[in-house]
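J.: Work the whole structure out from these sequences, hints included.
Given next are the chains, with one letter for each unit.
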Amino acid sequence: MTGFRITDGIDRGTAFQFTCDGESVTAYPGESIAAALMAAGKRQTRVTARRQMPRGLYCGMGVCWECIMIVNGKPAVRACMTPAEPGMKVETQHGVGDPA
Amino acid sequence: MRETDLLVVGAGAAGLSAASEAAKHGLAVTVLDDNLLPGGQYFRRLPTGYHHTHETVFDKERQRANALYATTGQKGITYLNDAVVWESPENGVLAFARGADSGRIRAKLTIIASGAHDRPAPFPGWTLPGVVTAGGLQNLLKGQRVIPGRRAIVAGNGPLVLLVGATLARAGAELREVVEAAPILKRLAGSIADLIAMPKIVRQAVDYRLAIMKSGARLRTGWTVIEARGADELEEVVLAPIDATGKVDRSRARAVKADLLVVGFGLMPSIELVRLLDCKLEWKPLRGGWVPVRGADFETSRPGVLAVGDGAGIGGVEMALREGKLAGVIAAERLGKLSRDQAANLKAPIQAEIAKVETFRRGLERLYAMPPAFLDLLTPETIVCRCEDVTAGELRARQDAGFGSTAALKGTTRTTMGRCQGRNCLRTLSALIAQASGQPIEQVTMPRPRLPARLVTIGDLLQEELPPIEMPKDPHLPRGERVS
Amino acid sequence: MAGSVFVETPPRDAEIAVVGGGVAGMSTALFLARAGRDVVVLERGVPWGDASGANAGTLSLQVKRTEVLDLCKLSLDVWKRFGAEMDIDVGFGQPGGLRVATTEAEVAHLREYSEEQRQGGLEFEWMEGNQLRDMAPWLSTSVRAATFCREDAYSSPLLSGGALPAAVGKAGGRIVGHAEVTDLKREDGGYRIETKRGALRVKTLVITAGPWSGQLARMLDVALPIYVDVNMLSVTEPAPKILDRVITHIGGILSLKQLANGTILIGGGWQGRGRFAGMEKFADHVRLGQNLTTAVSVVPDLAKLRLVRTWAGYEAVAPDALPAFGRLPNNDGAYIAAAARGGFTFGPAQGLLISEMILDKPPSTPIGRFDPARLLTGAHA
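Chains as they are written, first to last, in this note's numbering: chain A, 1 to 100; chain B, 1 to 484; chain C, 1 to 381.
I should point out that these hints are in silico values taken from the structure, not numbers from a laboratory. Where is the CB? At the ideal position from N, CA and C, for every residue including glycine. One should not assume that every hint holds.
Calculated from the model, a selection of chain B residues having no Cβ within reach of chain A, i.e. all distances over 12 Å [what the hints assert, rightly or not]:
(1) G49
(2) G115
(3) D118
(4) K186
(5) T221
(6) R250
(7) A344
(8) P468
(9) K473
Example chain A residues on the side facing chain C (calculated, C-beta under 8 Å, incomplete) [to be verified]:
(10) D21
(11) G22
(12) V96
(13) G97
(14) P99
T.: Below is the structure:
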């Protein structure tokens, strides 16, 4: 059970890889981190600070800040608003995003 | 400081239409967009490196979309993407954050086309990964062509429910259930006369319905989601009918396995900027709640500031396109590029179209008016404020302890004080206060508007040149006015 | 409502009324109620509705003038005892504070100022060079020297705003919200108080209404000159640890600290715009920029964080900037805490000391120099 890309009618260009929590993830130029993760079936983006609850993409338009992740060491990056890049290092954000 | 004739905030349907029309008549227009690409939410654009190989069912709006995108290169228009408007330091001036290009802009006239976002509708489990908003789902489809799950359920209230259901069916998801809270089938007869004012949209709705039926999904009206379940992600959704009194009938609840739940309980206007500008607001529940009071020609109570599109009251894309265009004419007239007669001639046909959309909206609003049950869904453990992890139980305990006002609940629980600045919880907080006090929700005090209107990176704000800092001679001595 | 610490209307008679439900008022009421006295708090809005809720929560000893060091130490001690002895969670933390200097002139000023404070009993360490970098690697290299005071602390305006009123209720005190006082009169050896929630008669009156205190005193024919600052404060998004001390600046233009939830509070007495009448108060664009510039010049990593909210709050200040609290001149049985310059810091001490006067106990620290009667003389009489 997982999310997926609609391929009909779209040429996405050349795929590349980035990592999420150490695992390789496929993405296309211009694709958001959130979209690539959804297509790979990874939906949890962070764990909240106060109650340690899992959260994921919710509003999809940069309003809710639920999909924040640690990207190349920088905490609180909105996965829905940020294009993936080759070799990018993405991590699930625990709490405020202290380094693991 | 940058200067422009007309400043348009927002590059969605309303903003780009306004900019295009105004520039056509010779105004220098600057558009500030907080997204990377123009189009806003409805006309969200695919990454520029993606190419269409052939037309699909998802490309029906391509022509209108491309025309809008082209606006950003139109003569007379300066388009600034990734620009977050956060403050109005003085009349006619807005401050925006845009990395090294951050600064202020002075405009003779400002059009705010801030758009909308999904109204929060909390229920147990709504914070689980796998639960996404209707707006978010449509954005992923349009902007990414990605569906964030496989086994899908759509639940909510309003025209987006059918649209999202059809999207998922056409995209090839395993659509299980589409549930609309309002009993729209029973109400259809009473609305159809107004709805046919926009026959194209009615036809579309029929198509959506057919697509859902064809997929094998159940389409229920007068039902709602009451719970989402799962350990770390969504695994199961509980649905139940709403009875004639507006209460959820839990005895007939049924659980359905799913890994994607799309919830859409209507949109609400993004009013943070009009609030910061101290524009007068009014409560229009059928238009999404608090909206700026607008006079003739879309002017807010703040002279020189116009508001159009969903940000001025939910009216949908057809309304936004036309309001934007009309506002462009109004701006050109007010700034001397069109005579009164010229403007009147341009306005008349747009106004006639707006009247039709208004008629359609009335039918839509009667059709979808929401049964008032959603606070009943909250359990003590249900999260109300997602940013600060505040539950309904905590809020009700504070209310019972006497901390019942907006300020007191905010101050003692941090509700509304997180990164979303209340966009996902203030409405629920107000509803809880209204319920406890017996007041109508529109009488519940709103928190004072605070800057920044949206989060901005501190480093961006330091790009602006400021006068040198003067140290106080003695920082202990009073600096303010004498009050007694 | 069941379990509420608030009552809808004031009783007709009470022994003591405290007007103003901020930190000074609640502290006063707490000590009186715990001593078994019948006390009612009258609050014009909701507790912590203004200055007590809108300030940064910094409890810094070393930013204070030498004259008030003993009072400040007492107040820090009370803040600490709330949690440690009375089980009231006010979010007290004592990480120690650095007071920084960035130019030669500021270093000289810091030396002079801190030496004077040392004479007044302040304990601190002089920090510069590697020692300073080791303690605070997150400080900008533009910081040339700092004094480190282990006693500098903070408490949470948020937590204390819930916990102190609850503690007053638990101790038997009553709190009436939305009970703005519209008139005060002397009557039969006590006071008659008119409020928007009804009238009451009391034997003893305590005015702890921050910037409104002067107007209340005037109802009893006492003219106290009170000024009101409109201090701006900003808060960032929650972030991993960036700084772990309370930061202040020798020029009096910065206060910084990171709270337990990771957010960073940025203040420093920068003035917003607005007037006291009508409670209009806004952030000022230019001064906000200057405040943030100063903050980033001291802790450069702040530039990476997002600003979530900026607001402005009132602070009542006496013309000489010393605390003004004690007996209300010419009014037997009436007391006032009118101003402090650091009202959140001093509130608990003011509350304790006023309760000691009412309870006929010797004061925990000498308070003669803070007598509000001083403000009636000279230019301000």
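J.: Each of the hints needs a verdict: does it hold here or not?
T.: Hint check results:
For B/G49, the shortest C-beta to C-beta distance to chain A comes to about 4 Å, within the 12 Å cut-off, and the non-interface label is violated. With a closest Cβ-Cβ approach of about 9 Å to chain A, B/G115 is found to fall inside the 12 Å limit, against its non-interface label. A cut-off of 12 Å between C-beta atoms contradicts the statement that B/D118 is not in contact with chain A; the least separation is 6 Å. Listed as outside the interface, B/K186 is consistent with that label: its C-beta sits roughly 31 Å from the nearest C-beta of chain A, beyond the 12 Å cut-off.
Listed as a non-interface residue, B/T221 keeps its Cβ farther than 12 Å from every Cβ of chain A; the least gap is roughly 25 Å. Every CB of chain A lies more than 12 Å from the CB of B/R250, the least distance being 25 Å, so the non-interface label holds. Even its closest Cβ contact with chain A, about 37 Å, leaves B/A344 beyond 12 Å, as expected for a residue assigned away from the interface. With a least CB separation of 32 Å from chain A, B/P468 remains clear of the 12 Å interface cut-off, as annotated.
For B/K473, the condition that its CB be more than 12 Å from all CB atoms of chain A holds, with the nearest at approximately 39 Å. Contact between A/D21 and chain C, as hinted, is not supported at the beta carbon level, the nearest pair being about 18 Å apart and thus beyond 8 Å. Hint status for A/G22: violated, given a least beta-carbon distance of 20 Å to chain C, over 8 Å. With a least beta-carbon distance of about 4 Å to chain C, the hint placing A/V96 at the interface is held under the 8 Å criterion.
Contact between A/G97 and chain C, as hinted, is supported at the beta carbon level, the nearest pair being about 6 Å apart and thus within 8 Å. Annotation: A/P99 was flagged as interfacial toward chain C, and the flag holds, the nearest CB pair being 7 Å apart, inside 8 Å.
Figure legend: structure checked against the earlier numbered hints; hints not met, in rising order: 1, 2, 3, 10, 11.
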